[in-house]
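Asks: Single-letter residue listing:
4 protein chains.
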Amino acid sequence: MSLVLRTFGESHGAMVGGVLEGVPAGLKLDLDFIQTEVNRRRSVNAFTTPRQEEDKIEIVSGVFEGVSTGAPIGLLVHNKNVRSKDYDALKETFRPGHADFTTFAKYGIRDHRGGGRSSARESVIKVGAGAIAKLLLKEVGIEVASGVFGVGGVQAEELDFEHALSSPIFSLDKNAQQAQQEAILHAKRAGDSLGGVVLVRAHGRTLLGLGEFAHRLDARIAYAMMGLNGVKGVFIGEPQAASMQGSAYNDALGLHGFKSNSCGGVLGGFGNGSDLVVWVHFKPTSSIALPQESITTQAEPTQITLKGRHDPCIAIRGSVVCASLLALILGDFVLSNTHARLNQIKACYGY
Amino acid sequence: MSLVLRTFGESHGAMVGGVLEGVPAGLKLDLDFIQTEVNRRRSVNAFTTPRQEEDKIEIVSGVFEGVSTGAPIGLLVHNKNVRSKDYDALKETFRPGHADFTTFAKYGIRDHRGGGRSSARESVIKVGAGAIAKLLLKEVGIEVASGVFGVGGVQAEELDFEHALSSPIFSLDKNAQQAQQEAILHAKRAGDSLGGVVLVRAHGRTLLGLGEFAHRLDARIAYAMMGLNGVKGVFIGEPQAASMQGSAYNDALGLHGFKSNSCGGVLGGFGNGSDLVVWVHFKPTSSIALPQESITTQAEPTQITLKGRHDPCIAIRGSVVCASLLALILGDFVLSNTHARLNQIKACYGY
Amino acid sequence: MSLVLRTFGESHGAMVGGVLEGVPAGLKLDLDFIQTEVNRRRSVNAFTTPRQEEDKIEIVSGVFEGVSTGAPIGLLVHNKNVRSKDYDALKETFRPGHADFTTFAKYGIRDHRGGGRSSARESVIKVGAGAIAKLLLKEVGIEVASGVFGVGGVQAEELDFEHALSSPIFSLDKNAQQAQQEAILHAKRAGDSLGGVVLVRAHGRTLLGLGEFAHRLDARIAYAMMGLNGVKGVFIGEPQAASMQGSAYNDALGLHGFKSNSCGGVLGGFGNGSDLVVWVHFKPTSSIALPQESITTQAEPTQITLKGRHDPCIAIRGSVVCASLLALILGDFVLSNTHARLNQIKACYGY
Amino acid sequence: MSLVLRTFGESHGAMVGGVLEGVPAGLKLDLDFIQTEVNRRRSVNAFTTPRQEEDKIEIVSGVFEGVSTGAPIGLLVHNKNVRSKDYDALKETFRPGHADFTTFAKYGIRDHRGGGRSSARESVIKVGAGAIAKLLLKEVGIEVASGVFGVGGVQAEELDFEHALSSPIFSLDKNAQQAQQEAILHAKRAGDSLGGVVLVRAHGRTLLGLGEFAHRLDARIAYAMMGLNGVKGVFIGEPQAASMQGSAYNDALGLHGFKSNSCGGVLGGFGNGSDLVVWVHFKPTSSIALPQESITTQAEPTQITLKGRHDPCIAIRGSVVCASLLALILGDFVLSNTHARLNQIKACYGY
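Those protein sequence lines, which keep their order, are chains P, U, B and D. Reading the first sequence from the start, the letters are residues 1 to 351 in my numbering. Reading the second sequence from the start, the letters are residues 1 to 351 in my numbering. Reading the third sequence from the start, the letters are residues 1 to 351 in my numbering. Reading the fourth sequence from the start, the letters are residues 1 to 351 in my numbering.
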């Protein structure tokens, strides 16, 4: 069985939750680590949303005396700081940039409070599950990291994942951080928002060979990232690939692995042992405090100015989620890669 | 059941093939159209591979008297112009940029002839199946088109999908075409290759609402495109999203749909009724005729200069495949969108 | 998307729960009905378990103002009447007939309290989800019913699904009921248990055509039933089929459907419009109060005499679950059957 | 990735085929063995169909120099002995017992020649793929066998799987065989058909622990068997389970495994190390040469007397397919069971 997460829950419901299947038995589920990961996504400060959720993650099944049992793991986070009346004015109006219009067009009904199911609130469960995946990956020497590369066009020059961990905006570059923060605050003051670019990286020799002919590693990564709220672009490896020549792009192969990493760690859909390098492009937060043209559910033109509590740049907290998503994918491939070759299987059963 | 394609076959095997499940019964399978689509991918000319395959597509099941029956559709294309000895020299060597090293590392064995399963040859089946999907889409007013936007940095300014149909390099811009062709020939003469950018577009009011909460339209698109050989990046809508402000990016909603299309036709994972706009970035063809550093299967350093028969820019023929992949995804969502709302279901059964 | 339920939770954990995806939007989620269904499974009386759980079902997502939104539906039932110390003695011992030995052998760890994940407690979520499926089925004229046919060899002669609803043991036959109840009490007093046979039936013209070539209706039914705790056999239609001649077995086809129903409503993997008739065979409850031979986790022989709180015949409450499982399967096929034919699809989109 | 087979093809089309994904690399694909398995299903004699197909199985991908590569394996069998005009008379009529009416009701179209997709002809691919699975199972010490237990009520008393291999009707009992054969010939002469019961068995210590919490071994077995043409019932272990007491049914656990095998090798959805014992009930062949009542596609009553070429008892050749199906399921679980526990995974990667 593969590592699969299914989630449920809306922004202003009682809770969000999920079921994580496929975690092997015997993994110590370090609750402190898992909560810390969840807290990183929460990170309330001047650069993020004022909505202050406690975000206490509960693991309600699949664990016994602190260790995974192989049974499905239920994850829950109760919503506490819900202010649904902030959204009363939106019941009859579609917010530009949001899923409001599309979900209503499709389903004929929508939970207008905080975006309902389409809210990024659901990603807290992805981070909780991703933390479990990270614990699994650690056991086989894979580390996943992420950080903010660009904010509204202000880009990092250095890629320092260590710095990102302590940066209030998870910036990869301590030098660019100040300018990035100012860009955010400037947009926020103007009632506007900014897009951003996140960089996600995985490292470890176990990456070599992850993937399947019919379920490529790169395809799975693109699926997960593009399925995250606000993501509009995913790039693996050298972003200028399409403008390059093969002689400059190709990574030469040496005795100790590849000598460069244009391919971002994936060749032919399999990990090649180099670092996985994934660029994730987020659009600017859709919720802005400036007036926008829209229509009502009765198909009348209207103007809308959002209040609510929003992140000026979703790439910041999104960067935490991206690493979680990569961890979940890699965890899944770590499982399936144990039976790629007959001799692995025979050894496993003692033949 | 959803529209699912499974493929098999290697570059130098007897054939490539696939099974397409989920095609509704009653669809006229226009073989001329399907073959024409396959031929477009084949398109042998100065800008593509010299390997001349007949590429006759056979539909061996799921059709009765020219009409789909609802049963799985088997698709086959026999390989004819196989020159495996071109690859004899490669048996012991890993080609940079290819899946050679990764598949060997994973599986301990590989079919070295023409890239084996990792060859782009398999995509002929994707195009055949995609043609069937296009026939389905036509019935509900959706059209899919694609073309080449950029070649090695030489970009289109105009986006003319009509022109792309007749262009030898599927270029979107009749003015840029000449420069693009020259870039290709220049690279080819130098034994080198070029990356490229493909633009894929879908149009039709049925696009509104396609997608699922748990299976987002954008995620599925990213999965399919990134899973294609040579693709390293996928963007939906405005490529500069990450550098923009929300006030500039957001598409205002008017009485007749959205007034702009930064989002590329997807909001919250669902089609918003605007054109779907997908950018696909291809790396330069990995096979080049220049010497490259590599290692042998016995882990000894070597230098490799490829002969074989290769496309100097895979984005060209890849552009045909990208449209096929989009058609398959949209076809699947067209199916599942018939039961999004209870009232649709009741109407279907006469309640 | 199809109707899919994923569950989590152990017998003695904080709760059991699940995620139900694919419920169409616009379905009124009648909580009273759903709770009533859950209560039917609970049904504490002299013939069932003394464990008295409140079994209050919570629907925590996917519903807005009482109506389904198309988003995943989260279901929870908190465990309240947990007496884990009943199981302390079992920590080191494997109970015959249970999953104790197999899960330990596989995973190297197990939650010994109340059977952990392998407990039938999880089925409360299946009943909750099944109730939602029943609400969907009602809208298209399908009714699902079930009852107890045999208990330890004491069989019904009449098949009265109405009577089963009010019978304390869900017996299909008011005449056999007394003897069945006595058999149960006799086994209970002896510290023993009994097997049983459940009959599940679905009725409605919408059944005609449900199924897929690659996902047969009968196969799905068998999967679901056999996956329920204690089930060891599944039969569709005439149980003596294997001993019969074709001339006696075949159902003649008349102008108003089939004239008999040996096939139990399924031909070639599709519903044929006749009633679906499914027989489900349950083994005797594994937990008995008589001494049994077993071994310890340290591989030493031991004798075990179970206390705990157990159903003397799991077929009784199992009969409720079986109907829920059938409802979930039929609900799924009701969705996918809306796009079996091109003309259905075109009508749905107004073409 | 798991071991998955997708098939295509109709009885009277050019060929039937399939794609088998998930076979680990490095497995020697013994073509003689695979063809021998296919031949066993074919087995033309007085007790089976007169349709004489060559049934040469072709493996067209996923193999290199006789060894599996990890790539999807394409399987083909060309149809040669097609006599479609036998079926001309059936174009407008629905055969009782067949999928004719249901597929037409669902899809509005059907390939009437030989049952189209619903023909048991497709099972030749299941046997070919099952043979590959058997080769995999042999490597980890699992053997699968099957035979005919009962024919029209004439039952075996001895269960001799060795004898079944050489018996013309795959009978499990050399003493009952004569009576079973006579029953078949008697039915055949009368233009009638018979049902039958097949017994499938798997043996090997690797069976212990096969299964998943969310994908139970028994459920998967039931799905596969019930999905085979003509199967109406599946039992695992002691067929009288539902009439028994727990004290008699439960298998005591000793130091060397279970002391009896009522449970048929499955406890709680996992293999318990005892032999897997599966009973499969086949209805009588639907095609009989006696007159039957039916209706035409224009909904007029008619009488139908079938000619064609049919097996008088499909359980005979079906017994070969049942073993193949069990092999495919076990092969899949053998793969996923390699990553049930963290320590297995770590060992696999050298941690």
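Since the hints were made in silico from the structure, they are not lab data. Where is the CB? At the ideal position from N, CA and C, for every residue including glycine. Check before you lean on any hint, since a few could be wrong.
[Claimed, not checked] With a straight-line Cα cutoff of 27 Å, these simulated DSS-like cross-link-like pairs (lysine-lysine) come out: (1) Lys-28(P) to Lys-307(B); (2) Lys-259(P) to Lys-91(U); (3) Lys-346(P) to Lys-80(D).
[Unchecked claim] Short derived list, chain D residues pointing at chain U, Cβ under 7 Å: (4) Glu-10; (5) His-12; (6) Ile-59; (7) Gly-66; (8) Ala-105; (9) Leu-255; (10) Gly-257.
Asks: List in ascending order the numbers of the hints, as given earlier, that are violated by the structure.
Replies: The structure conflicts with hints 1, 3, 5, 6, 7, 8, 9 and 10, although it agrees with all the remaining ones.
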